[in-house]
Amino acid sequence: MNIVIAGAGKVGFTIAQRLCREGHDITLIDERRAALDNAANTMDVLGVCGNCAAPSVLKEAEAGAAEVFIAATGNDEANLVACQFARKMGARHAIARLRNQEYLESVDSLREIMDLDLAINPDYVTAEEISRVLQFPAATQVSFFPDCGLEIVTFRIGENSRLNGMTLNQLPSLIKPKVLVCCAERNGEFCIPDGSFVLRAGDRISVTALPQALRRFFNAVTANQKPVKNVVLLGGSRIAQHLTPLLESTGVRVTILERDYARCQVLAETLREADIICADGADTNVLQQSGLPDADGFVALTNFDEDNLILSMYAEKLGVERVVSKVNNDKFIELLSDVFPDSTLSPKNLVADRIEGYVRGLAHASDKSTIEALYYLGSQNVTATEFLVGEKAACIGRTLKDMALKPGVLLAAVVRDGKSFLPNGSTSLHPGDRAIVVTANQNILTLDAILQGKRL
Amino acid sequence: MNYRIVCNVLGKVLLAEALLLMLPLAAALACAESPLPFIFTILPLAAAGGGLSLVKIRKPDLFAREGFVIVGLSWILMSAFGALPFVLSGDIPHYVDAFFETVSGFTTTGASILTDIEAMGRGCMFWRLFTHWIGGMGVLVFIAAILPVSGDHYMHIMRAEVPGPEVSKLVPRARKTARILYLIYLAMTMIETGLLACGGMSFYDALLHSFATAGTGGFSTRAASIAAYNSVYIEMVISVFMLLFGVNFNVFYLILIGQVAGALKSEELRVYLGIVAGSVLVIAANIASQVGGFLQGLRFSLFQVATVISTTGFATADFNTWPELSRWLLVLLMFVGSCAGSTGGGIKVSRMIILFKTYLNELKQLILPTRVRRIWLEGKPVGDATVRSVLVIFHIYIAIVGLSVLVLTLDGRDMITNFTASCACIFNVGPGLGDVGPTGNYAFFSDLSKLTLSMEMLLGRLEIFPVLFLFAPSVWKKR
Chain A
1 MNIVIAGAGK VGFTIAQRLC REGHDITLID ERRAALDNAA NTMDVLGVCG NCAAPSVLKE
61 AEAGAAEVFI AATGNDEANL VACQFARKMG ARHAIARLRN QEYLESVDSL REIMDLDLAI
121 NPDYVTAEEI SRVLQFPAAT QVSFFPDCGL EIVTFRIGEN SRLNGMTLNQ LPSLIKPKVL
181 VCCAERNGEF CIPDGSFVLR AGDRISVTAL PQALRRFFNA VTANQKPVKN VVLLGGSRIA
241 QHLTPLLEST GVRVTILERD YARCQVLAET LREADIICAD GADTNVLQQS GLPDADGFVA
301 LTNFDEDNLI LSMYAEKLGV ERVVSKVNND KFIELLSDVF PDSTLSPKNL VADRIEGYVR
361 GLAHASDKST IEALYYLGSQ NVTATEFLVG EKAACIGRTL KDMALKPGVL LAAVVRDGKS
421 FLPNGSTSLH PGDRAIVVTA NQNILTLDAI LQGKRL
Chain B
1 MNYRIVCNVL GKVLLAEALL LMLPLAAALA CAESPLPFIF TILPLAAAGG GLSLVKIRKP
61 DLFAREGFVI VGLSWILMSA FGALPFVLSG DIPHYVDAFF ETVSGFTTTG ASILTDIEAM
121 GRGCMFWRLF THWIGGMGVL VFIAAILPVS GDHYMHIMRA EVPGPEVSKL VPRARKTARI
181 LYLIYLAMTM IETGLLACGG MSFYDALLHS FATAGTGGFS TRAASIAAYN SVYIEMVISV
241 FMLLFGVNFN VFYLILIGQV AGALKSEELR VYLGIVAGSV LVIAANIASQ VGGFLQGLRF
301 SLFQVATVIS TTGFATADFN TWPELSRWLL VLLMFVGSCA GSTGGGIKVS RMIILFKTYL
361 NELKQLILPT RVRRIWLEGK PVGDATVRSV LVIFHIYIAI VGLSVLVLTL DGRDMITNFT
421 ASCACIFNVG PGLGDVGPTG NYAFFSDLSK LTLSMEMLLG RLEIFPVLFL FAPSVWKKR
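For the record, the sequence lines run as chains A and B.
In terms of our numbering, the first sequence opens at residue 1 and continues consecutively.
In terms of our numbering, the second sequence opens at residue 1 and continues consecutively.
Simulated from the structure, these hints should not be mistaken for lab results.
Everything hinted at is true.
Straight line, CA to CA, 25 Å or less: simulated DSS-like cross-link-like pairs of lysine-lysine:
#, chain 1, residue 1, chain 2, residue 2
1, B, LYS59, B, LYS477
2, B, LYS265, B, LYS357
3, A, LYS331, B, LYS59
4, B, LYS380, A, LYS59
5, B, LYS477, B, LYS56
6, A, LYS348, A, LYS10
7, A, LYS406, A, LYS368
8, A, LYS368, A, LYS392
9, A, LYS401, A, LYS419
10, A, LYS59, B, LYS176
11, B, LYS265, A, LYS59
12, A, LYS317, A, LYS331
Let's have the full structure, built from the sequences with the hints guiding it.
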């Protein structure tokens, strides 16, 4: 598909990289030539230099012929104007990145008036993800499928965990709530484990289960079962602003450390329940005084990756149970994955996941299957995809036992009429079901492709 | 330096050359000539290419440095292997001569060491002119068009091979861009073949001359070049196509997708056509009395101007005998050359525009030092980095011309011969003035001079850096 992306910043660049890898033809628009040069040197895309909200620039980028137009600049108004122009010129779909709280409050009417297909707020998406991760002890990532209410939780097995040394066949008899281990990472290698797989300390595994069972599973395998009560947020960014009400709604006390006094006042106006402390969080004295040693959650949200990572390590050292840090630069994590805390989130990757899932959905929709959501589990290789089973899907009418799935493909969960269940050998799929498929195979873009001998 | 990826791509280049050699092999068989010279070239090429392309790529990282080295080495290796059929068939027994002739072919220069062109076998003649067609658009662009190469970094290679100050893609994918370029190239070559065949040329001659025009090369199957046909129709067809192949291919793409107005607005195209029109008129007036009338003068001057500015190098008249004004004007046109993104050589019209605008700016700066001005090209401001690279490349061209003449002087020829030979080679034109004029050739030079001129041709075709880089020790250091 032809895809035009306005803005070659962190978010735009990541989206371009992902979609280019999927085989789409990408045109990037940005005002900064250096950003475009950088993009053109690292991926096979075309750059157009100019203001993305100007019709002449959009025309040069042939936005009218685009299947999808994505406005991902840091400026909401420019994104909205660009999307509207692009739609008027003939772009089939438009996606805008919006950060402003006021716009988001009326997002539905905005979508209608502005002809948007999708409005995505990186800060809110990140806040949601953080609030989910904080609910599970030791979780590094929680992938949530809103339409089926299912979650896939990724976590690292600790030294003292009951799971250490267990095979997957033993798992159901030893731990009561039934879960399915979707994928496992050991020393950077990923696999879809079978029954004889032995879990070891240090493995990072992704599990899914029925909504209530998942929490009970975590209570059963971790020593600390207390829900999180006190969370310290470092940095009063927009993410903090979205995250605080989400946490407070589950009964969590939130403390925000913010350096800038004016920003503190803004926060104090909008977040009445939270403790807002105007101080430099990089000062360990300040952290001590604000009660970090007694807190059971710490989230580092400053604009500096280095501060976030190092202060997260400090918090872990103080014994804070659940630590999450926002990191923009993926390379930091790749380079020092043994040293850094496990829970690192990058807003640009979360946004890119959403958009990639949406674009895959557009590109591979048919009466056989439609992609509804997509997540990467842990690395950039293993995906969990939610398919809506279509009328003509090849797997209808066959039980899972007879289906002969491709190696390395797992049917993780099925949702029928709002009820979810973990599949077994006698499970079969019906039209209208939602099926969650976990795989490291990058060519699984339709539901039919999970069957052996079927190509795209 | 990622040696593995360099070896792998070089392997593919050699395989592609082996594949392309099948065509002259077929031509040799069709004309009942011995196919052995080609078979004995294809076999070692395929073996070396196959072996190199088996090298596994561990890391796909390919940066500007690897791009330059791949392009520089590809062209040297291709010429080294491409010279073999001439030696094996005995048409050019001396290897250095054959190497010179092949480099001249691939770089679309058209400077020849052959003294008796018509004696060459038809298979070898096909290969000799076909090298122009391969070199015109570039073999690495060809590989990008036909092979599934990982596209993310291929721009570094395309940028090193495609001439012009700023190489841009036509469509987002490098591979599609390469395909579009080759399709335009192929279509125009076929149209020209058809038109020439209609004008009384045999199909074989028409095809081969179209190869030579398309690549803006200049080899001919006849000793007297295009003058041998003595046909105004053929001269006009070739003149027009020489000029067309000297135009930026982006213009053709824009016309193809219906944006004719946008295509004709191109500043570079207008300046290019302006220079052509001005030079044709001045030279026609200058030579009118010598060739018998202004109309006859127009006929000869149009062809000669087209052949020099597009850096092709065909000839219909011995401009060596023309008045000094015309002779010098043609030498100046060698420097200008064709448009960026075309198959021609020279410094390129767009660089010349940037150079002159920079000169004017500097003058204005002297009058009002605090004034801040940008240089504009095609309605867009040109970045400082581009301006700097244009200045640098211009000066390197001048320096190389000057230094190579120093080597050529050892052969004892006059200064005009040496200077224009050096210019004609680095700007990929072919014929110069003096002893290397349209009726002369390069056979008399010593081996040292021939190798120097071969290097100049490669430097000119690849726009200096890919070749120059091969001599820099820092490039070869392990990273």
